[in-house]
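Quick note: the sequence shown, position 21, residue 21 per this note's numbering, numbers continuous.
Calculated directly from the structure, the hints in this document are not laboratory data.
Think of the CB as a built atom: it goes at the ideal place given N, C-alpha and C, for glycine as much as any other residue.
Please note that the accuracy of each hint is not assured.
With a straight-line Cα cutoff of 30 Å, these simulated BS3-like cross-link-like pairs (lysine-lysine) come out [to be verified]: (1) Lys35 / Lys49; (2) Lys84 / Lys35; (3) Lys49 / Lys106; (4) Lys3 / Lys35; (5) Lys27 / Lys3; (6) Lys49 / Lys27; (7) Lys35 / Lys106; (8) Lys35 / Lys104; (9) Lys49 / Lys3; (10) Lys49 / Lys104; (11) Lys121 / Lys106; (12) Lys84 / Lys104; (13) Lys27 / Lys84; (14) Lys84 / Lys106; (15) Lys49 / Lys84; (16) Lys121 / Lys104; (17) Lys35 / Lys121; (18) Lys104 / Lys27.
Label pairs and their calculated CB-CB ranges [said to hold, decoys possible]: (19) Met117 / Thr6: 28 to 38 Å; (20) Gly112 / Leu15: 11 to 21 Å; (21) Ser119 / Leu15: 29 to 39 Å; (22) Gly112 / His81: 12 to 22 Å; (23) Leu124 / Thr58: 34 to 44 Å; (24) Glu128 / Asp56: 30 to 40 Å; (25) Gly112 / Ala144: 34 to 44 Å; (26) Cys95 / Thr58: 17 to 27 Å; (27) Glu109 / Phe19: 14 to 24 Å; (28) Gly13 / Lys106: 36 to 46 Å; (29) Pro143 / Gly113: 30 to 40 Å; (30) Asp126 / Gln60: 29 to 39 Å; (31) Asp56 / Gln134: 29 to 39 Å.
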Amino acid sequence: MIKDETCAYCMQGDLVAAFAYPVCEMKTSFLYVFKEQSKRGRCIVAHKKHVSELIDLTDQERNDFFADVAAVSRAIHEAFHPDKVNYGAYGDTGCHLHFHLVPKYKGGEEWGGVFEMNSGKTILTDGEYEEMAQLIREHLDAPAF
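Whole structure, please, built from the sequences with the hints as guidance.
In structure tokens:
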């Protein structure tokens with residue numbers, strides 16, 4: 001498996017813990033609760049391989065990755081009941097393929113607009129992140145990693 005020692009998603013541990021809380025390992029990805037929770041249930045699905053673009057994956061790897069993304073979206077809908085989940089794939093500076101899954105709620109913050117990447121408005125305790133992670137795991141039928 002290709003890894004980059006400077007990449008938070010590759011190295012996990014303290015690097016990724018600065019902005020994300022671990023939920024579980026999936027077929028092709030690692031799932032995290034994003035620590036800024038102004039959109040309740042926001043998660044990151046990061047591919048296990050250190051690749052920058054979808055085109056860096058084989059067709060099967062891409063299909064499996066999107067199956068992971070879809071499963072997480074379904075779990076977010078079941079756990080948090082958003083009106084919409086937005087999907088963001090960035091990586092201009094951290095070139096590791098990952099998707100932000102951002103639940104949006106009618107009448108809520110930024111409904112009808114683009115979400116702010118990291119407002120810092122809503123930071124939870126580790127216990128609260130674990131409760132969210134456990135709820136998502138239950139809807140994915142997945143163990144913690």
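Does the beta carbon distance between serine 119 and leucine 15 stay inside 29 to 39 Å, or does it fall outside? The hint (29 to 39 Å, Cβ to Cβ) is violated, given that serine 119 and leucine 15 are roughly 21 Å apart.
Would the pair lysine 104 and lysine 27 pass a check requiring their Cα atoms to be no farther apart than 30 Å? holds, 26 Å
Do the alpha carbons of lysine 84 and lysine 35 lie within 30 Å of each other, as the hint requires? holds, 20 Å
Pair hint outcome, lysine 27 versus lysine 3 [Cα-Cα no greater than 30 Å]: holds, 17 Å
Okay, aspartate 56 versus glutamine 134 on CB: inside 29 to 39 Å? holds, 33 Å
Mind checking the alpha carbons of lysine 49 and lysine 3 for me, to see if they're no more than 30 Å apart? holds, 7 Å
Assessment of proposed distance window 11 to 21 Å (beta carbons of glycine 112, leucine 15): violated, 34 Å
Taken at face value, is the distance from the CA of lysine 106 to the CA of lysine 84 at most 30 Å? holds, 8 Å
Proposed proximity, lysine 106 with lysine 121 (alpha carbon, max 30 Å): Between lysine 121 and lysine 106 the Cα gap is close to 19 Å, so the pair holds against 30 Å.
When you check the alpha-carbon spacing of lysine 35 and lysine 106, does it fall within 30 Å? holds, 22 Å
Given the hint that lysine 35 pairs with lysine 49, does the C-alpha gap stay at or below 30 Å? holds, 23 Å
Please test the hint of 12 to 22 Å on the beta carbon pair from glycine 112 and histidine 81. Given about 18 Å between the Cβ atoms, the range holds.
When held up to the earlier numbered hints, the structure conflicts with 3, 19, 20 and 21 and fits the remainder.
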